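Asker: Going down the list, the sequences are from chains P and Z. In terms of our numbering, the first sequence has 67 at position 67, counting the first letter as 1, and numbering is strictly consecutive. In terms of our numbering, the second sequence has 19 at position 19, counting the first letter as 1, and numbering is strictly consecutive.
If you're looking for bench data, these hints aren't it; they were derived computationally from the structure. Be careful, since some hints might not be right.
Claimed, not checked - DEER-style ranges, computed between Cβ atoms:
(1) 350(P) to 136(Z): 57 to 63 Å
(2) 69(Z) to 399(P): 28 to 34 Å
(3) 392(P) to 82(Z): 37 to 43 Å
Predicted model only: the values in this text are computed from it and were never measured. All C-beta atoms, glycine included, are put in the ideal place defined by N, C-alpha and C.
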Amino acid sequence: MGKFLLLAFRNVFRNRRRTIMTLFMVSGGVAGLLLAGGYFAHMIDGLREDTIRNGLGHIQIFTAEHFRRDEVHVLDTGIDNWRQVAATVKTVPHVRGVAPRIEFYGMVSNGQKSSVFMGSAIDPDAERSLGFTSNVSSGRDLSSRPGSEVEALIGAGLAKSMNVGIGDGLTLLSVTSDGALNGVDVQIAGIVTTGISEMDARYLRITLNSAQRLLQSDRITNLVVGLDSTANTDAVYDTLIPRLSGQPQQMTLKKWTDLATYYKQVRTLFNGIFLFMGLIVFFMVLMSSVNTLLMTMFERTREIGAMLAMGTPRSWIVALFMSEAVLIGIIGAIIGVVVGNLLGVLINISGLHMPPPPGYTVSIPFLVKHVPSLMIGSSLLVIVSLAFASILPAVRASQLQIAEALAHV
Amino acid sequence: MDYLVKVEAVSRRFPMDHSYVSALDNASLHVSAGEFLAIAGPSGSGKSTLLNLVGCLDKPTSGRILLDGEDTSGLKPARLTALRRDKIGFVFQTFNLIPVFTASENVEYPLLVQGVGASERGKRAAVALESVGLLSRAGQRPDLLSGGERQRVAVARAIVHRPALVLADEPTANLDSHNATQLIDLMRDLNLSLGLTFIFSTHDQRLLEHTPRIVRLCDGRVAEDTLRQEVCHG
């Protein structure tokens with residue numbers, strides 16, 4: 001068998017120019033897939049961590065009621081004893097911290113113009129301890145010990161439409177948890193850019209205490225749990241379920257994967273694009289290799305005839321041709337992985353940026369992630385493609401009529 | 001009498017356009033073990049067709065061929081493959097050596113197909129190469145060998161597994177007269193020293209001088225079968 005494989009290996013390099021052309025195509029396909037897949041993987045990873053760090057956290061805790069009905073008044077379905085729940089959650093291993101949040105909405109006015117806002121109230125210290133980014137593009141983040149003025153961060157789009165800047169005052173109007181109308185004056189501490197223009201046009205953030213005073217409630221909408229690693233999400237989730245079952249309010253836990261709709265859509269889209277690219281590479285390698293291998297078969301017709309005459313089983317001829325194709329695939333895949341990774345390194349150090357995608361306001365760094373599973377997958381793809389490509393020439397070669405093959409010119 | 005090869009009223013016709021061309025017509029031939037036999041005749045007389053049929057590379061349209069007592073006409077492909085592998089050695093007009101193998105590896109090939117172990121293959125290939133005087137060229141690839149050397153390697157490959165029958169179809173067609181005579185002499189030496197049966201085809205009259213038995217074909221028929229007891233080798 002060793003000698004037979006040696007024969008296949010030497011045959012691969014028999015017509016060097018043709019083999020180099022095939023290797024060029026195979027390795028190019030692998031390198032292309034690695035670069036595209038590595039870029040997609042970087043984008044997906046970045047989007048995942050951005051999604052988590054931008055405030056989604058790894059796990060969110062709501063009351064079960066929150067998902068059963070719509071709120072009549074703000075915080076109708078909020079968590080009452082959230083400090084006790086937070087304390088319980090903090091005892092679980094891998095939990096870095098817990099941040100309370102209130103989601104609310106209302107009107108914001110500068111005295112001349114009013115606009116709708118989507119508000120988010122946070123505990124600045126808790127958010128910072130979890131490493132959540134505040135996305136402040138100018139000014140400063142919310143202070144955990146504000147002075148007499150209530151501070152606010154507003155979206156860049158909202159600031160522009162209200163024609164306000166850092167240090168300017170605004171009045172927030174909202175319906176309290178009792179259904180009454182309440183207002184609070186805020187001073188703009190900073191401008192935030194979420195990266196999504198529609199969000200920036202409505203976004204406003206104040207501290208939790210300020211929101212509870214505005215909404216006249218001690219409740220919160222949810223607790224956001226931050227972990228030491230995204231990989232521990234499932235384990236912590238499984239631990240938290242029984243621990244929170246004894247709370248006066250029934251709780252519902254949501255993993256970040258349940259809440260990150262946009263992330264899932266993007267991942268599905270990228271997976272679809274990558275699958276399509278993989279199919280293109282597969283068929284490109286398949287079609288061109290069939291032609292090359294058929295040419296090889298015709299050139300070696302007399303030699304194959306002689307091998308068959310000497311008692312070589314026809315299955316050996318099939319195996320020989322397939323081995324040669326698979327060897328080309330393996331060599332091409334190795335070259336492709338090396339070239340793809342080298343190009344990836346070059347791209348990563350070049351500091352290239354891609355233009356912002358639709359709906360985004362910031363450009364994305366063009367970085368390529370080195371993904372071992374992608375290297376294995378791309379390599380297997382071209383190897384399988386070449387194995388498929390060799391079936392027709394291999395079967396044809398094995399079915400040659402010996403006498404005719406020996407007389408082939 | 002037991003013959004190694006019995007060709008009994010064999011015909012072979014090939015389809016051509018809307019009719020048939022008869023390459024071999026009712027040919028009969030008996031060959032005993034250890035014979036050294038030449039099939040002679042002009043181009044198109046049916047020499048290659050006859051050798052292909054005897055070598056189980058083709059099937060007769062009618063008649064039957066017995067190899068070592070076994071009727072090959074009705075055998076399944078796998079059995080024919082096994083027969084060729086174990087009982088027949090082939091020498092081809094165009095050498096047909098595997099170009100990416102060395103001379104030694106080419107000679108080993110029939111043993112590889114038989115499943116012989118690597119060290120045994122090496123030893124037997126060396127013996128075969130020595131018998132054709134090319135042991136010193138064992139490591140050379142065919143493209144570095146002369147035409148005469150290539151054909152001697154092909155002869156070594158044909159005898160390495162000690163087949164009952166060696167078939168050589170126009171083995172000298174691509175050689176000059178000097179190398180052609182040397183090759184026939186070499187085959188005759190091997191025939192005498194190893195007791196192998198050789199059947200070779202040629203259209204070169206000069207090569208028949210040292211051949212004890214000559215079967216002449218003409219238009220697909222056996223025109224003459226001459227046994228020359230007086231031939232003295234060497």
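Asker: Confirm or reject each hint.
Answerer: Against the structure, the hints:
no.	hint	result
1	350(P) to 136(Z): 57 to 63 Å	holds (58 Å)
2	69(Z) to 399(P): 28 to 34 Å	holds (30 Å)
3	392(P) to 82(Z): 37 to 43 Å	violated (27 Å)
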